[in-house]
Amino acid sequence: MLNIAVIEDDKYYRKDIAGHLSRFGKVDEGKSLSDAITLFDARKYDIVFIDLNLSGKMEGLDVIKEAVKRKIPPIVITGYTSEKLVSRAYQLGCKHYYNKLDIQNSFEEQMAPFLRSLVYKQEDDIFSNSFVTRNNILIKNIKLVTEQMFLKNNKVFITGEKGVGKTTIAKFIHKFSTGSMDSFIHVDIPTLENNMIEPLLFGYKKGAFAGASDDFKGLIKQADKGTLFLDEISSLPPSLQKKIIKVVEDKQFYPLGSDQLIKSDFRFITSTNENVEGLIESERLRPDFYFMAKDVELIIPPLRERVEDVRPLVDHYINKSGTSLLVSNDSLKLLENYRWHDNVRELKKLIHSFCNCNTEMISLINLPEHVIENTIPSGQSTPLASVYTKGISNFIKKHGLKKLIETIEIESFKEFYEKNHFHYMNTLEELHISRTAGYRIKANIKKLDKERHLVH
Amino acid sequence: MFTDKEKLLHDLNGNIVRLGSIFNILNKIENSKDQEISKNEMNQMLEDAEQTAILLNNDIKTFISINMNN
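Top line first, the protein sequences correspond to chains A and B. In this text, residue positions in the first sequence follow the numbering used here: the first is 1, and each later residue adds one. In this text, residue positions in the second sequence follow the numbering used here: the first is 1001, and each later residue adds one.
Bear in mind the hints are in silico, worked out from the structure with no lab data behind them. Check before you lean on any hint, since a few could be wrong.
[Unchecked claim] No farther apart than 20 Å at their CA atoms in a straight line, the calculated lysine to aspartate or glutamate pairs in the EDC-like style are these:
no.: 1; chain 1: A; residue 1: 11; chain 2: B; residue 2: 1048
no.: 2; chain 1: A; residue 1: 57; chain 2: B; residue 2: 1011
no.: 3; chain 1: A; residue 1: 15; chain 2: B; residue 2: 1050
no.: 4; chain 1: A; residue 1: 71; chain 2: B; residue 2: 1047
no.: 5; chain 1: A; residue 1: 84; chain 2: B; residue 2: 1036
no.: 6; chain 1: A; residue 1: 15; chain 2: B; residue 2: 1036
no.: 7; chain 1: A; residue 1: 243; chain 2: A; residue 2: 224
no.: 8; chain 1: A; residue 1: 217; chain 2: A; residue 2: 188
no.: 9; chain 1: B; residue 1: 1028; chain 2: A; residue 2: 29
no.: 10; chain 1: A; residue 1: 143; chain 2: A; residue 2: 369
no.: 11; chain 1: A; residue 1: 225; chain 2: A; residue 2: 29
no.: 12; chain 1: A; residue 1: 450; chain 2: A; residue 2: 369
no.: 13; chain 1: B; residue 1: 1007; chain 2: A; residue 2: 59
no.: 14; chain 1: A; residue 1: 397; chain 2: A; residue 2: 415
no.: 15; chain 1: B; residue 1: 1007; chain 2: A; residue 2: 409
no.: 16; chain 1: B; residue 1: 1007; chain 2: A; residue 2: 9
no.: 17; chain 1: A; residue 1: 31; chain 2: B; residue 2: 1011
no.: 18; chain 1: A; residue 1: 15; chain 2: B; residue 2: 1047
no.: 19; chain 1: B; residue 1: 1005; chain 2: A; residue 2: 188
no.: 20; chain 1: A; residue 1: 15; chain 2: B; residue 2: 1006
no.: 21; chain 1: A; residue 1: 442; chain 2: A; residue 2: 418
no.: 22; chain 1: A; residue 1: 31; chain 2: B; residue 2: 1048
no.: 23; chain 1: A; residue 1: 31; chain 2: B; residue 2: 1030
no.: 24; chain 1: A; residue 1: 15; chain 2: B; residue 2: 1004
no.: 25; chain 1: A; residue 1: 95; chain 2: A; residue 2: 147
no.: 26; chain 1: A; residue 1: 11; chain 2: B; residue 2: 1004
no.: 27; chain 1: A; residue 1: 171; chain 2: A; residue 2: 125
no.: 28; chain 1: A; residue 1: 294; chain 2: A; residue 2: 277
no.: 29; chain 1: A; residue 1: 251; chain 2: A; residue 2: 182
no.: 30; chain 1: A; residue 1: 15; chain 2: B; residue 2: 1041
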């Protein structure tokens, strides 16, 4: 959303117009040239609205000069309509000149379309400058969630498989709804030791527990005016989830060992890569926490369902590596159809592995075997189908009959296991196989996964 | 830089806008549970509205008299 400044000496008009403008971004107010300079020095504004007559002086013209100096587009809102003044304002660099009364009477017709176009332009710039996704539905949902977070301070719950880019998207939502200058506190809960989560989040006084040798301002306080992102919420003990509910609702808390109430007003994002219903059933996620944290839910589809993101992501990671690695068209097609078990993270690792070994080109010859074998041919739904489309005899020639049988077993098992909602006994029944055969196939899947990880 | 008439028109415009803004702010408070206002602020608004109305009244009188003389 936009960073907007309003420089206007009439407090009522200033408050009135700031109320309209707050739908489009964060609005800061000033009433004089010196207020304007202080604001401009503190934040990068996308636009500034300026009254020309500030407390009886024509200081507004100087505010235009200061704004232009800092490349902030100035918009004049004034009661003066003299031609001389209008042309002077335009000469100084004013972009638009509005009559106050017109704005007040018809903000929606006069100003709203212009502001909306600025917001759309800003969104497009952010989406094209820093790669997030090319998936239109996801883009639409991210914009919607961001708007909800900005306008209603809604809390966002992000779900998606491991490595789909939940953190990148959380950062984007933060940047767009609060402004890049506010703090974004990312707490990757699984990486923290269980007994350190509470002190780190809430902060502590010196001596609050053994090892607390200094006062520590907790992460919740550090997120004040910005965003607190609790990543992989299921790793947060339920007792702490209860405490967090209170902090988010009251916007205040006591650090460990302190009787001083600390205030912190932050936007709240949480995420999980697990099935929410399962987490609630297994009591790893409190239902009251989930309903508190989920004003809006953003589901990020896995990379295999966002085929349009594969090519831009490949380009993005090659550009980031600073190499001039080429990718053959066949390989790109194959990568688009690959299953990407670890999603964007896996793609990033794959591209890095090529960049690090000075390969000039990614082609079908040097792509890892597991990528080729786990590729879903277009129009087909399972890797098993790829065995048939490539031809059984070709497969046997290359890998042998044993490998073919193993592949068929593994892929059939996976397909039926997923179809049976991961119910083991039902899967065996549908496949008409014994428990022993089931365990053998599962062991093969584990072995294969292990080999894949070694390849990574 | 400005003629008396231009100044007068500006004042007229300013006072109308000011009264309109006070009305809009009151309207928002009336329609939204989130917006609160203290008794002191309310009294201040009332005083400012009265003052602005007097100024506006004078501006209109002056405007009419100038136009009648012309």
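Okay, the hints, checked on the actual structure:
no. : hint                : verdict
1   : 11(A) with 1048(B)  : holds (11 Å)
2   : 57(A) with 1011(B)  : holds (14 Å)
3   : 15(A) with 1050(B)  : holds (19 Å)
4   : 71(A) with 1047(B)  : violated (40 Å)
5   : 84(A) with 1036(B)  : violated (42 Å)
6   : 15(A) with 1036(B)  : holds (14 Å)
7   : 243(A) with 224(A)  : holds (17 Å)
8   : 217(A) with 188(A)  : holds (18 Å)
9   : 1028(B) with 29(A)  : holds (19 Å)
10  : 143(A) with 369(A)  : violated (38 Å)
11  : 225(A) with 29(A)   : holds (17 Å)
12  : 450(A) with 369(A)  : holds (14 Å)
13  : 1007(B) with 59(A)  : holds (16 Å)
14  : 397(A) with 415(A)  : violated (25 Å)
15  : 1007(B) with 409(A) : violated (89 Å)
16  : 1007(B) with 9(A)   : holds (17 Å)
17  : 31(A) with 1011(B)  : holds (18 Å)
18  : 15(A) with 1047(B)  : holds (17 Å)
19  : 1005(B) with 188(A) : violated (66 Å)
20  : 15(A) with 1006(B)  : violated (26 Å)
21  : 442(A) with 418(A)  : holds (13 Å)
22  : 31(A) with 1048(B)  : holds (17 Å)
23  : 31(A) with 1030(B)  : violated (26 Å)
24  : 15(A) with 1004(B)  : violated (29 Å)
25  : 95(A) with 147(A)   : violated (26 Å)
26  : 11(A) with 1004(B)  : violated (25 Å)
27  : 171(A) with 125(A)  : holds (16 Å)
28  : 294(A) with 277(A)  : holds (13 Å)
29  : 251(A) with 182(A)  : holds (17 Å)
30  : 15(A) with 1041(B)  : holds (13 Å)
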